[in-house]
Amino acid sequence: MKTKLKITIAIIFIWIGFVCAISFMEAWLKFRAPNITTALGLGIGQLVFGALNKVELFLSSSIIILSAFRLKNSKILNLYFVIALVILLLQTFWILPELNERATKIIQEITVPKSQFHFVFVALEIIKVVCLFLFGRNQFKQL
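Residue numbers (this note's numbering): 1 to 143.
Simulated from the structure, these hints should not be mistaken for laboratory data. Beta carbons: idealized from backbone N, C-alpha and C, even for Gly. Where hints are given, some of them may not hold.
Simulated pairs of lysine-lysine, DSBU-like, Cα-Cα distance not exceeding 30 Å [said to hold, decoys possible]:
#	residue 1	residue 2
1	Lys-141	Lys-54
2	Lys-30	Lys-114
3	Lys-114	Lys-54
4	Lys-4	Lys-54
5	Lys-6	Lys-54
6	Lys-141	Lys-4
7	Lys-54	Lys-105
8	Lys-105	Lys-141
9	Lys-141	Lys-2
10	Lys-30	Lys-141
11	Lys-6	Lys-105
12	Lys-30	Lys-2
Computed spacing ranges between beta-carbons, pair by pair [unchecked claim]:
#	residue 1	residue 2	range
13	Leu-143	Pro-97	33 to 43 Å
14	Lys-2	Gly-50	28 to 38 Å
15	Phe-93	Ile-14	37 to 47 Å
16	Leu-143	Gly-43	17 to 27 Å
17	Lys-2	Thr-37	44 to 54 Å
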């Protein structure tokens, strides 16, 4: 039982590391590199965020599978994970497709109207990381 909990905790913090490294570092640093155009940066971003999304779906599924065997968690311990999971699903099926469509148009040099989707995505990333951290902290308390 403790082994599954330890693996779950490791997965939670690996997930946090992925999101922080990609969303809060790589995403804006790539545009500071010499000779990176907006189109090239957006193309890289589409690839990287697509890959990150797949990793996040795998990690969240792993947590669900491991947690299915540990039913003694209280509702508040799981609430943080549920919030993070809902955010991930919103990003997967709504926000990322919208951002990808917008990026594709910009890459094709099609003028697009201003959008708040990027700011919504960043805000949700912050909330997701905080929820994952609180979920992970609460899992530590069960050791």
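Evaluation of the provided hints:
As the CA atoms of Lys-141 and Lys-54 are separated by approximately 29 Å, the hinted pair is consistent with the 30 Å bound. Using a Cα cut-off of 30 Å, the hinted pair Lys-30 and Lys-114 holds, with the two alpha carbons roughly 22 Å apart. Restraint check for Lys-114 and Lys-54: satisfied, since their Cα atoms lie roughly 28 Å apart, inside the 30 Å limit. Between Lys-4 and Lys-54 the CA atoms are separated by roughly 22 Å; this keeps the pair inside 30 Å, and the hint holds.
With a C-alpha separation of about 23 Å, the suggested pair Lys-6 and Lys-54 falls inside the 30 Å cut-off, and the hint holds. For the suggested pair Lys-141 and Lys-4, the alpha carbons sit about 14 Å apart, so the restraint of at most 30 Å is met. Among the hinted pairs, Lys-54 with Lys-105 is consistent with the structure: their alpha-carbon atoms are about 23 Å apart, no more than 30 Å. Using a Cα cut-off of 30 Å, the hinted pair Lys-105 and Lys-141 is violated, with the two alpha carbons roughly 47 Å apart.
Between the alpha carbons of Lys-141 and Lys-2 the distance comes to roughly 12 Å, so the proposed pair stays at or under 30 Å and holds. Between Lys-30 and Lys-141 the CA atoms are separated by roughly 38 Å; this puts the pair beyond 30 Å, and the hint is violated. Of the supplied pair hints, the one linking Lys-6 and Lys-105 is violated, its CA atoms being roughly 44 Å apart against a limit of 30 Å. Restraint check for Lys-30 and Lys-2: not satisfied, since their Cα atoms lie roughly 40 Å apart, outside the 30 Å limit.
A hinted range of 33 to 43 Å holds for the C-beta pair Leu-143 and Pro-97, which are about 39 Å apart. A hinted range of 28 to 38 Å for the beta carbons of Lys-2 and Gly-50 is consistent with their spacing of about 35 Å. Between Phe-93 and Ile-14 the beta carbons are some 23 Å apart, a value that contradicts the proposed interval 37 to 47 Å. Checking the proposed 17 to 27 Å range against Leu-143 and Gly-43 shows it is violated: the Cβ atoms sit about 43 Å from each other.
For Lys-2 paired with Thr-37, a C-beta distance near 51 Å keeps the hint of 44 to 54 Å intact.
The earlier numbered hints that this structure contradicts are 8, 10, 11, 12, 15, 16.
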